[in-house]
Amino acid sequence: MAKVQVLNVAVLDNPSPFGNPFQFEVTFECMEDLPEDLEWKIIYVGSAESEEYDQTLDSVLVGPVPAGRHMFVFQADAPNTGLIPESDAVGVTVVLITCTYRGQEFIRIGYYVNNEYTDTELRENPPLKPDYGQLQRNILASNPRVTRFHINWEGCAEKMEDSENVDPAPNTMLPPSCTPGKAPPLGLVPDNSMDCL
Amino acid sequence: MAPVLREEDERNENIPKLLCQMDNHLACVNCVRWSNNGLYLASGGDDKLVMVWKRAAFIGPSTVFGSSSKLANVEQWRCVMILRNHTGDVMDVAWSPHDVWLASCSVDNTIVIWNARKFPEIVMTLKGHTGLVKGLTWDPVGKYIASQADDRSLKVWRTMDWQLETNITKPFSECGGTTHVLRLSWSPDGQYLVSAHAMNNSGPTAQIIERDGWKTNMDFVGHRKAVTVVKFNPKIFKKKQKNGSTPKPSCPYCCCAVGSKDRSLSVWLTSLKRPLVVIHDLFDKSIMDITWTLNGLGLLVCSMDGTVAFLDFSQDELGDPLNEEEKNAIHQNIYGKSLAITMESQLSSTIIENPEMLKYQQERQGNQNPDGAQGIGPENQTPKLTNVLNGESLEDIRKNLLKKQVETRTADGRRRITPLCIAQLDTGDFSPALFNSVPILPGSSASTQLTPQISSDSSTANSLGLRPSHDPTTTSPNKTAEDNKDSGTAAVNSIGMKSNLLLTSASKIEPMKALDSRFTERSKATPGVTSVPLTIGITPLDRVKDSSSVKEPKGKDETSSDSEDKTMVKSMAKRKGEMEGAEVVEKRKKGRPRKDAKMMPFPQTPVSLEKEPSRLTTPIAVLKLPTPSIQKSFSTQVSTDGVTYLEVENEVSMVFGSRLSQLKWSREGREWDALLPSRIIIAAGSSDVVAVACEDRTLSVFTACGRRLIPSIILPVPMSALHCSGHFVMALTASAMLSVWDVQKQTALVKNESLNPILSGTDATVSQSFLTQQGVAVVSLSNGKTYCFNSSLETWNLIADKQDSLVQCTDFRNCMSAQDALGSMGPLALTQGRNLSAGRLASRLSSTPHHLQQGMTLAFLEKQLSSALILLSASEYRHWLLIYARFLVNEGYELRLRELCRDLLGPVHKSSSSSWEPTVLGLRKRDLLTEVLPVIGQNLRFQRLFTEYQDQLELLRLK
Numbered sequence: 001m002a003k004v005q006v007l008n009v010a011v012l013d014n015p016s017p018f019g020n021p022f023q024f025e026v027t028f029e030c031m032e033d034l035p036e037d038l039e040w041k042i043i044y045v046g047s048a049e050s051e052e053y054d055q056t057l058d059s060v061l062v063g064p065v066p067a068g069r070h071m072f073v074f075q076a077d078a079p080n081t082g083l084i085p086e087s088d089a090v091g092v093t094v095v096l097i098t099c100t101y102r103g104q105e106f107i108r109i110g111y112y113v114n115n116e117y118t119d120t121e122l123r124e125n126p127p128l129k130p131d132y133g134q135l136q137r138n139i140l141a142s143n144p145r146v147t148r149f150h151i152n153w154e155g156c157a158e159k160m161e162d163s164e165n166v167d168p169a170p171n172t173m174l175p176p177s178c179t180p181g182k183a184p185p186l187g188l189v190p191d192n193s194m195d196c197l
Numbered sequence: 001m002a003p004v005l006r007e008e009d010e011r012n013e014n015i016p017k018l019l020c021q022m023d024n025h026l027a028c029v030n031c032v033r034w035s036n037n038g039l040y041l042a043s044g045g046d047d048k049l050v051m052v053w054k055r056a057a058f059i060g061p062s063t064v065f066g067s068s069s070k071l072a073n074v075e076q077w078r079c080v081m082i083l084r085n086h087t088g089d090v091m092d093v094a095w096s097p098h099d100v101w102l103a104s105c106s107v108d109n110t111i112v113i114w115n116a117r118k119f120p121e122i123v124m125t126l127k128g129h130t131g132l133v134k135g136l137t138w139d140p141v142g143k144y145i146a147s148q149a150d151d152r153s154l155k156v157w158r159t160m161d162w163q164l165e166t167n168i169t170k171p172f173s174e175c176g177g178t179t180h181v182l183r184l185s186w187s188p189d190g191q192y193l194v195s196a197h198a199m200n201n202s203g204p205t206a207q208i209i210e211r212d213g214w215k216t217n218m219d220f221v222g223h224r225k226a227v228t229v230v231k232f233n234p235k236i237f238k239k240k241q242k243n244g245s246t247p248k249p250s251c252p253y254c255c256c257a258v259g260s261k262d263r264s265l266s267v268w269l270t271s272l273k274r275p276l277v278v279i280h281d282l283f284d285k286s287i288m289d290i291t292w293t294l295n296g297l298g299l300l301v302c303s304m305d306g307t308v309a310f311l312d313f314s315q316d317e318l319g320d321p322l323n324e325e326e327k328n329a330i331h332q333n334i335y336g337k338s339l340a341i342t343m344e345s346q347l348s349s350t351i352i353e354n355p356e357m358l359k360y361q362q363e364r365q366g367n368q369n370p371d372g373a374q375g376i377g378p379e380n381q382t383p384k385l386t387n388v389l390n391g392e393s394l395e396d397i398r399k400n401l402l403k404k405q406v407e408t409r410t411a412d413g414r415r416r417i418t419p420l421c422i423a424q425l426d427t428g429d430f431s432p433a434l435f436n437s438v439p440i441l442p443g444s445s446a447s448t449q450l451t452p453q454i455s456s457d458s459s460t461a462n463s464l465g466l467r468p469s470h471d472p473t474t475t476s477p478n479k480t481a482e483d484n485k486d487s488g489t490a491a492v493n494s495i496g497m498k499s500n501l502l503l504t505s506a507s508k509i510e511p512m513k514a515l516d517s518r519f520t521e522r523s524k525a526t527p528g529v530t531s532v533p534l535t536i537g538i539t540p541l542d543r544v545k546d547s548s549s550v551k552e553p554k555g556k557d558e559t560s561s562d563s564e565d566k567t568m569v570k571s572m573a574k575r576k577g578e579m580e581g582a583e584v585v586e587k588r589k590k591g592r593p594r595k596d597a598k599m600m601p602f603p604q605t606p607v608s609l610e611k612e613p614s615r616l617t618t619p620i621a622v623l624k625l626p627t628p629s630i631q632k633s634f635s636t637q638v639s640t641d642g643v644t645y646l647e648v649e650n651e652v653s654m655v656f657g658s659r660l661s662q663l664k665w666s667r668e669g670r671e672w673d674a675l676l677p678s679r680i681i682i683a684a685g686s687s688d689v690v691a692v693a694c695e696d697r698t699l700s701v702f703t704a705c706g707r708r709l710i711p712s713i714i715l716p717v718p719m720s721a722l723h724c725s726g727h728f729v730m731a732l733t734a735s736a737m738l739s740v741w742d743v744q745k746q747t748a749l750v751k752n753e754s755l756n757p758i759l760s761g762t763d764a765t766v767s768q769s770f771l772t773q774q775g776v777a778v779v780s781l782s783n784g785k786t787y788c789f790n791s792s793l794e795t796w797n798l799i800a801d802k803q804d805s806l807v808q809c810t811d812f813r814n815c816m817s818a819q820d821a822l823g824s825m826g827p828l829a830l831t832q833g834r835n836l837s838a839g840r841l842a843s844r845l846s847s848t849p850h851h852l853q854q855g856m857t858l859a860f861l862e863k864q865l866s867s868a869l870i871l872l873s874a875s876e877y878r879h880w881l882l883i884y885a886r887f888l889v890n891e892g893y894e895l896r897l898r899e900l901c902r903d904l905l906g907p908v909h910k911s912s913s914s915s916w917e918p919t920v921l922g923l924r925k926r927d928l929l930t931e932v933l934p935v936i937g938q939n940l941r942f943q944r945l946f947t948e949y950q951d952q953l954e955l956l957r958l959k
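Protein chains in written order, with UniProt numbering: chain L, 1 to 197; chain A, 1 to 959.
If you are wondering where the hints come from, they were derived from the structure by calculation, not from laboratory data. From a predicted model like this one, the values you see are computed outputs, not experimental measurements. Please note that a few of the clues may not be correct.
Label pairs and their in silico Cβ distance ranges [said to hold, decoys possible]:
| hint | chain 1 | residue 1 | chain 2 | residue 2 | range |
| --- | --- | --- | --- | --- | --- |
| 1 | A | 396 | L | 131 | 55 to 65 Å |
| 2 | L | 33 | A | 762 | 32 to 42 Å |
| 3 | L | 33 | A | 917 | 33 to 43 Å |
| 4 | A | 402 | L | 121 | 32 to 42 Å |
| 5 | A | 280 | L | 7 | 42 to 52 Å |
| 6 | L | 50 | A | 399 | 11 to 21 Å |
| 7 | L | 20 | A | 285 | 47 to 57 Å |
| 8 | L | 128 | A | 404 | 16 to 26 Å |
| 9 | L | 7 | A | 212 | 54 to 64 Å |
| 10 | A | 406 | L | 13 | 51 to 61 Å |
When the alpha-carbon atoms are kept at most 30 Å apart in a straight line, the in silico DSS-like pairs for lysine-lysine are as follows [said to hold, decoys possible]:
| hint | chain 1 | residue 1 | chain 2 | residue 2 |
| --- | --- | --- | --- | --- |
| 11 | A | 273 | L | 3 |
| 12 | A | 215 | A | 170 |
| 13 | A | 404 | L | 3 |
| 14 | L | 3 | A | 399 |
| 15 | A | 239 | A | 285 |
| 16 | A | 127 | A | 17 |
| 17 | A | 403 | L | 3 |
| 18 | A | 327 | A | 285 |
| 19 | L | 3 | A | 118 |
| 20 | A | 215 | A | 327 |
| 21 | A | 170 | A | 17 |
The beta carbon of each residue, even a glycine, is placed where N, CA and C say it ideally should be.
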């Protein structure tokens, strides 16, 4: 059983201009004193097409973690716009918060993020080159996707050839070309997650 | 239970229905059981784990983060213990009477008995079944535990020594096929054990096994398919007295519910030949578990189809339930006073029979309370989850959290945030004191009723089928059944829909979008991730109401409100199976390196004999001890204190052609010296005497002031070792002869006694020898054995053996008080010191069967006691006596305890014929008894014994 349970993640400063830093207030509970720090990461998915465009916005160590309920705010700078494919700048993407212990990821919290122009005219006729100054980032805070992984809390993960961890067969990717203003269809569940319906 | 019982409450949105959802099991949960005190919940599942849950005193409701939003956990149940030992699915768990033990059985063919007071300690693993063990039941008296397995046998085990009492196979020999569970049950009066799935004339039955002789003459017949669950009503009933009719004395009887694979339920009274009621087709699938409410009138049944039915009986139907006193009286009548496991804490109902005992118990309570361990009454129950916010509200904290939180940079330049602790946990406290405390009940009335009302069971599965209407006049069981059936089907439908959704979601829903997949894949970048991406737990249910654009089948939302975590676990398991092992629930954590069953029962601690750089250790011919070589000069420290030195200088001066040797004694500036005509080989001293052995085989003895006490003693052979202690002198010669003299009384305690008995047959040598303050010679050999010579018996006695398995497997730590833990000082400790700690270590590592360990500890403690006695070591005798007494009290050895007390007390009336010695090693025996009695008083079970001796001591004191 996981020693750390994430109780809540509150998305602060949302919605906000694209350039604002991300702020997540994380509340978690720890069953027993952890001898090592937790490592939290915010990963911004630049493009649904490929992981190539994933940006780790920041990673922090959180510790020491004694048994109990804890809170912290994880703030990370906005993504580097230069690394985002221009075609994917506007629309729906994902931001991930992951936590690892002893190098093993045990929780992954995903949020849909909708980037859109606040200006109606821009919305109707988006410029070819995205104008990040005008973009507003809206994190769908009410709908986190939480995936928990079973890890070895006692010891370090045995070394394994990670290269074998090849991406699953390329999914038929649905470009995030949803019409602006409309939230993406979220009623679907990833097939490899065990959901509670 | 309120929403189950009353429709009105069910509709009331303010009454929470789902109280808590626990999602920590990684696979299908097979069994959940409340502890008898209602404080704990044990669950066992296909993930091979048993989890023990405890209600956490908590700030307020919370959700499982990321799960379906609206469902807050009204109650917080926290997993306080994970019990890992089974190597296969855990099928059934059962709390023993008084919650002393928790038993779990598994498809690994074993039953594990856990010490419920010291989780995760394993008391015993019961091995013997050759098939999957699928049901467990404790004898209500606590003397036995019964198990039923796929190997067509039902086994009854004794709790006294955890050995097999009986193995019943005959009624099961015809049994073919398998059932998912075989939950057997013991009647509340302890007289009958009723099995699940048995066969009689090729018809499925529930076999009745009589306690008396384990006879199998009766059975419950009628089910068309195998019986899966039998559950006795916790109450014993007696016939309802009708108004006006003459009261006829009638026998009390028991009530038993039988559930079967044929989807029907029958309820039997042991006073009737026919079933009280049979409900056919109650479910769509096999019955999985049954439980009665504590008042004995409600019955909850759950089925593989994912529904739970509630049946409500009236007293007219079942009879008048006996109250606890009447039930106890029945037990008392049948089993006498010897309720096998009665411990102080459970004897709350035991009447304290004498004021002395009461006073003593109250004092103990009083002593305990200042420790804060035992709160009395709810007002003392301060929530353990103490807020550490110093009066600030959570909101204030949150506003400034970013500014306030401490952020540092690590050496390699990474950000490190120190999280703000907002609350401390209250997990893991399994102290007996807490175990006895009152459950912390929340304000909500609905939930207050749940814990006490459901008896020690719940269901394995699935959603609660709520009884649609509450009709107080419903007395006919058939009608009740009808009602339930309806509700059952209703629930089935919803469940069916749910599982359809689950099963088809993978195939029907259009291919996952790239984004969605990102939520669940583990980042490749993370180093060291080894397991297959395994998704456990919850991805959130979409919040229909929160986001308007979500397309969501409506049915989901409706059913989710009454789904339990187990549903989820179960359906997860279903899906797991279909996903072709892509998500093998792989437990990489193989359990803590806790008590390892594979350990040898008698771990051989490496015997590292502390070999003194002794002059004696060189191997020599048998019975020829080495003699020290003559040195020009040497000095020794007199052992008893650190300031006295003996210095020897051989051949210091020549007088008239003969060489003189000098012995110099010094203590804090005072000194004296003596001249001897021969070279000194060994010198030894004590606070009273100094002895020197010379080359010419003479032994000279001086007082501490240097006055010669006796003329030189002529020894037959050279001296090998010499010791002084008090006014005793011990000489060990090269021919392995031992002598001990009392130089004050000028007597020989030991006269030329050969070491032959202890040395012959071994190639061991003398590694160490010393003399106790009381003049007992102790000789340690290089093989780890230590002997002393008892001058009154004129025998060599073994007092310590470092390879003795008894020593290494004993466990009496819990019999040691704080000051005992520091250890005793004395000759026994000196010879055993290292040894004992090794033993304690070993006992921690080995999983010696409890009864064996108990026996070994008993033997060991008795050996210690007699060794201390023979070494004339009074303080150690007292030390071990108290430990021994505590052990006897804890383990319930009444006879020995009685013998001990009798010996300590002696005859109350003086008689000349009595050979009783009033003292032992200078300690007054009755004083010892005064010390032992409070130990006895700790266990209410021995209150008679306590009173008896307390009174006699009092009587003697007044004389």
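Can you confirm whether the C-alpha distance between residue 215 of chain A and residue 327 of chain A stays at or below 30 Å?
With a Cα-Cα distance of about 24 Å, the restraint between residue 215 of chain A and residue 327 of chain A holds, given a limit of 30 Å.
For the hint 51 to 61 Å, verify it against the beta carbon of residue 406 of chain A and that of residue 13 of chain L.
violated, 21 Å
Compare the distance between the alpha carbons of residue 3 of chain L and residue 118 of chain A with 30 Å, and conclude whether the hinted pair is satisfied.
The hint holds at about 21 Å.
Is the hinted range of 54 to 64 Å satisfied by the C-beta distance from residue 7 of chain L to residue 212 of chain A?
holds, 55 Å
Is the distance from the Cβ of residue 20 of chain L to the Cβ of residue 285 of chain A consistent with 47 to 57 Å?
holds, 55 Å
What's the verdict on residue 404 of chain A and residue 3 of chain L, does the C-alpha distance respect the 30 Å limit or exceed it?
Since the Cα atoms of residue 404 of chain A and residue 3 of chain L sit roughly 26 Å apart, the hinted pair holds (cutoff 30 Å).
C-beta pair residue 33 of chain L, residue 762 of chain A: status relative to the range 32 to 42 Å that was hinted
Roughly 51 Å apart at Cβ, these two residues miss the hinted range, so it is violated.
Would the hint linking residue 403 of chain A and residue 3 of chain L be met if the CA-CA limit is 30 Å?
The given pair, whose Cα atoms are some 28 Å apart, holds under the 30 Å limit.
Taking the Cβ atom of residue 402 of chain A and the Cβ atom of residue 121 of chain L, is their distance within the range 32 to 42 Å?
With Cβ atoms ~35 Å apart, the hint holds.
Is 33 to 43 Å a correct range for the gap between the Cβ atoms of residue 33 of chain L and residue 917 of chain A?
violated, 56 Å
Is it true that the CA of residue 239 of chain A sits at most 30 Å from the CA of residue 285 of chain A?
This hinted pair is violated, its Cα atoms lying about 34 Å apart.
For residue 280 of chain A and residue 7 of chain L, compare the CB-CB distance with the range 42 to 52 Å and indicate the outcome.
The hinted range 42 to 52 Å holds for residue 280 of chain A and residue 7 of chain L, with Cβ atoms some 47 Å apart.
Checked against the numbered hints above, the structure breaks hints 1, 2, 3, 6, 8, 10, 11, 15, 16, 18 and 21 and satisfies the rest.
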